[in-house]
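Visitor: Start counting the sequence shown at 1; every next residue gets the next number (our numbering).
Any given hint could turn out to be false.
[What the hints assert, rightly or not] Here are the in silico distance ranges between beta carbons for each label pair:
(1) K85 <-> F33: 13 to 23 angstroms
(2) P122 <-> V219: 32 to 42 angstroms
(3) E215 <-> D135: 41 to 51 angstroms
[To be verified] Below, in silico cross-link-like pairs of lysine-lysine (DSSO-like), each with a Cα-Cα straight-line distance of 27 angstroms or less:
(4) K30 <-> K44
(5) K85 <-> K30
(6) K63 <-> K44
(7) K119 <-> K21
(8) K21 <-> K63
(9) K30 <-> K119
What the hints contain is simulated information worked out from the structure, not anything from laboratory work. Positions of the beta carbon are idealized from the N, C-alpha and C atoms, including for glycine.
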Amino acid sequence: MKLQHYLGGLEGLPEPLSLEKRVFVEDWEKRIFGIHVAMMGLSKHLDSALPAYPIADVPTTFKDEWTWASLRTGAEAMNPFDYFKFRYYEKWLGGISQFFVDQGYVTEEEIAAIIADPKDAPGGGDPAIDDQVIDYLRRGDSPRRDVAHPAFSVGQQVRIADLPAGAHTRLPGYLRARTGTVTRIFEGDYGYFVHTGDGIGDPMPIYIVEFTPEELWGVRAEPGANSLYAELFEAYLQPIEEDK
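Take the sequences, apply the hints, and build the full model.
Guide: As C-alpha cells, this is what we get:
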C-alpha cells in the first residue's frame, strides 16, 4: 500500500498538512477541472456507465477511457513525497499530462516546447464537443446497477481485509485488519469504474463502517476523540467468524 493511504494516525510527517479550504487556489486550476470533465464526457466508458449511450456518435478523436479511477491512479503513481509536496490540482495536472503522453496524444518534447513558448499552444475549439460535454453533465454517470444485496447487516461487526496492494485502491491503509461496526448500508449495488485488482469493480453493496479511535490507534488515541466512519465496498469487509 502506498504511503499516502496510511495518513490516518501517521506520525513524523516532514511538515504539518495544509488544510486549504478554497476549491480553486489559482485560475489555471479551473481549467484542469474542466479538462477532466471534458475527458469524462468524451470517454469510451460511457456506453457501460449509461446503458444504450450512443457512444459511436460522440464527436471526438479521443478513443480511450478516462474516469475518476484514471485520475486517482495517476495521482497514486506519484512518488509519495512528491504527492505530499503538490497541491490537489497540481496532482491532477501531472496525472492528466502523463496520461496524454503515455497514450501517444502528445510528447514530452511538445509539452516542453509549449511551456517555453505558450503562443505556440493550439487554440480553437469544436462546438459539437462542447454540446457533448454538456449532454454528459446533464445525463450524469451513475455507478448504481441494482438494489442492494448485502452480505452484512447494520450493527454487525466486521473485519477489514488486508489485501495485496494494486495500482489503485479505495481502501485506506490504516483501516486494514481493523474491526468496525456496520452503521449503514447504501440502497443499491454499485460498480466501480475499473477492476482494481483488490476486489472491486463489479457491482456490490457499499457500507458505512464505524471505527473507534482505540481500535485504529491504540494507546495513541486521544481521550474523547470521535469515532471514524468510512464508506467501504463489500469486497473490503470480512465476517469476524473467519478469525475463529
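Visitor: May I ask which of the numbered hints given earlier this structure violates, with the numbers listed in increasing order?
Guide: Violated hints: 2, 7 and 8; rest satisfied.
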